[in-house]
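> Letter by letter, the chains look like this.
Protein chains: 2
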Amino acid sequence: MHKPLILVSNDDGITSRGIFHLVHVMKELGEVLVVAPNRPQSGMGHAITVGDTLRLTESSIFDGVRAFECSGTPADCVKMARHFVLKDQRQPDVVVSGINHGSNTSISVLYSGTMSAAIEGAIEGTPAIGFSLCDYSHQADFSHTTSFLKKITQQVLKKKLPRGTALNVNFPPRRNEAIKGVRICRQANAKWVEEFDQRFDPNGRSYFWMTGNFVNFDKGEDNDEWAIANNYVSVVPCQFDLTAHQAIRIINEEWDFLK
Amino acid sequence: MHKPLILVSNDDGITSRGIFHLVHVMKELGEVLVVAPNRPQSGMGHAITVGDTLRLTESSIFDGVRAFECSGTPADCVKMARHFVLKDQRQPDVVVSGINHGSNTSISVLYSGTMSAAIEGAIEGTPAIGFSLCDYSHQADFSHTTSFLKKITQQVLKKKLPRGTALNVNFPPRRNEAIKGVRICRQANAKWVEEFDQRFDPNGRSYFWMTGNFVNFDKGEDNDEWAIANNYVSVVPCQFDLTAHQAIRIINEEWDFLK
Chain A
30 MHKPLILVSN DDGITSRGIF HLVHVMKELG EVLVVAPNRP QSGMGHAITV GDTLRLTESS
90 IFDGVRAFEC SGTPADCVKM ARHFVLKDQR QPDVVVSGIN HGSNTSISVL YSGTMSAAIE
150 GAIEGTPAIG FSLCDYSHQA DFSHTTSFLK KITQQVLKKK LPRGTALNVN FPPRRNEAIK
210 GVRICRQANA KWVEEFDQRF DPNGRSYFWM TGNFVNFDKG EDNDEWAIAN NYVSVVPCQF
270 DLTAHQAIRI INEEWDFLK
Chain B
30 MHKPLILVSN DDGITSRGIF HLVHVMKELG EVLVVAPNRP QSGMGHAITV GDTLRLTESS
90 IFDGVRAFEC SGTPADCVKM ARHFVLKDQR QPDVVVSGIN HGSNTSISVL YSGTMSAAIE
150 GAIEGTPAIG FSLCDYSHQA DFSHTTSFLK KITQQVLKKK LPRGTALNVN FPPRRNEAIK
210 GVRICRQANA KWVEEFDQRF DPNGRSYFWM TGNFVNFDKG EDNDEWAIAN NYVSVVPCQF
270 DLTAHQAIRI INEEWDFLK
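Here the protein sequences come in this chain order: A and B. Using our numbering, the letters of the first sequence correspond one by one to residues 30 to 288. Using our numbering, the letters of the second sequence correspond one by one to residues 30 to 288.
If you're looking for bench data, these hints aren't it; they were derived computationally from the structure. Please note that the accuracy of each hint is not assured.
What the hints assert, rightly or not - Within a straight-line C-alpha distance of at most 30 Å, the following computed DSBU-like cross-link-like pairs (lysine-lysine) qualify:
{"#": "1", "chain 1": "A", "residue 1": "K220", "chain 2": "B", "residue 2": "K188"}
{"#": "2", "chain 1": "A", "residue 1": "K56", "chain 2": "B", "residue 2": "K288"}
{"#": "3", "chain 1": "B", "residue 1": "K179", "chain 2": "B", "residue 2": "K32"}
{"#": "4", "chain 1": "A", "residue 1": "K187", "chain 2": "B", "residue 2": "K220"}
{"#": "5", "chain 1": "A", "residue 1": "K248", "chain 2": "B", "residue 2": "K288"}
{"#": "6", "chain 1": "B", "residue 1": "K32", "chain 2": "A", "residue 2": "K220"}
{"#": "7", "chain 1": "A", "residue 1": "K220", "chain 2": "A", "residue 2": "K209"}
{"#": "8", "chain 1": "B", "residue 1": "K248", "chain 2": "A", "residue 2": "K188"}
{"#": "9", "chain 1": "A", "residue 1": "K248", "chain 2": "B", "residue 2": "K188"}
{"#": "10", "chain 1": "B", "residue 1": "K56", "chain 2": "B", "residue 2": "K32"}
{"#": "11", "chain 1": "B", "residue 1": "K220", "chain 2": "A", "residue 2": "K116"}
{"#": "12", "chain 1": "A", "residue 1": "K288", "chain 2": "B", "residue 2": "K188"}
Construct the complete structure from the given sequences, taking the supplied hints into account.
So, in structure tokens, the structure goes:
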């Protein structure tokens, strides 16, 4: 039996600490291939490179691991891994993305480059997981994630995932108390309320920094925000069929000109 | 009773023919505000600008319409419209995005900047619609879309939409036969199979163009691909809760270490 082939990507770029930790742990579980962006791509959502060229360069920064840095987005990286690097070869058994420096809970899943790499895997029919640590510090401690990275990836390799789903896994920041366990959750109902910090450049022209506050409307205990706040690892199975199926009937009944 | 306030954005950029046609039609329905990207942003998915600054410049390219061009993504445009241009003012009654030059049916909804502007509207609780024409030609004829743009937007203004949904509307290309009508659909099960066209620059270094073929696995007649192929306007209600709810139970039952 051959070792599983594990494709690793991320959105913070190939030199980030989060992907180093993830590669280090994945090497214990199988053969690792890295294709990751050559610079930070946070907030890229499910962007792909259209109308522009892509570069792909082999990298030796991971000891004993075949790795490439790509000029494109996280979704581009997964596409290039499958359809160029591994073209006509054995395809990955799992796609893992991260570990993101910062939370991807709740609505942030939409803006997340980390999750777009995982969802791209799911579109191709490969079990896929995005990992994020709810700690924005550059010095963030990843050590408490190790055992869960292994357990979750091993379960996905063993049990696979329902077709068309990818896991959005978030880890609470390292606290004094040990992580309580893993919760399989739904995406919390929350959003960002933006503010635009207007400043003026040396030429007197205005520019803006987008800032914002995260507002959680969700009172439930079955969502990812609750899990993280209560020191659990949150696991949200995500799908790429965006159809609001129940709305089809409502619109068919309500719209005048369809009758 | 005041006229409805209609926020218009897109992903092809503020000078594209599609947004001109949309603005022209929307002026008949209400007061229009345009905030759109200052350059093409196709394939941007739900990207937002993180770790970089934004510019916003007033524009007079639309006759009698207040308009701004923004250096950011379509999602950034909607955020800046709401939280800067309209800060502490009356908010839009509807967000419309497009008309995209090219199809956003099926899986393309994930990669679509057009739809990210609409979904951003839905996140804010505003009824929202993304319009796309399934014709990539720069000379594409938009005239057959006019009556449907009006009818669909009027229905959304009158009936609203179920909370948390945005409409993904695609128009068939202009054919000899008139459009047969409007179908409320689900997202077709299809995907892109990419190929990477490798070339070499004058320095002998390789670069790539991503190309691909659209492969439709869906045999149903209730999906957007079927509607377009059969000369209907497709309307897919989309949601931003990505949770695969049925997978929560499956994973809870299957994973060994959760028991």
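> Each hint: holds or not?
Okay, the hints, checked on the actual structure:
1. A:K220 x B:K188: holds, 24 Å
2. A:K56 x B:K288: holds, 27 Å
3. B:K179 x B:K32: Distance ~15 Å between K179 (chain B) and K32 (chain B) Cα, so the pair holds.
4. A:K187 x B:K220: With Cα atoms ~26 Å apart, K187 (chain A) and K220 (chain B) stay inside 30 Å; holds.
5. A:K248 x B:K288: With a Cα-Cα distance of about 26 Å, the restraint between K248 (chain A) and K288 (chain B) holds, given a limit of 30 Å.
6. B:K32 x A:K220: holds, 29 Å
7. A:K220 x A:K209: holds, 26 Å
8. B:K248 x A:K188: Measuring from Cα to Cα gives roughly 29 Å; hence the hint holds.
9. A:K248 x B:K188: holds, 29 Å
10. B:K56 x B:K32: Distance of about 10 Å is within 30 Å: holds.
11. B:K220 x A:K116: Holds. K220 (chain B) to K116 (chain A) sits at ~17 Å (cutoff 30 Å).
12. A:K288 x B:K188: Measuring from Cα to Cα gives roughly 15 Å; hence the hint holds.
In terms of the numbered hints stated before, the structure departs from none.
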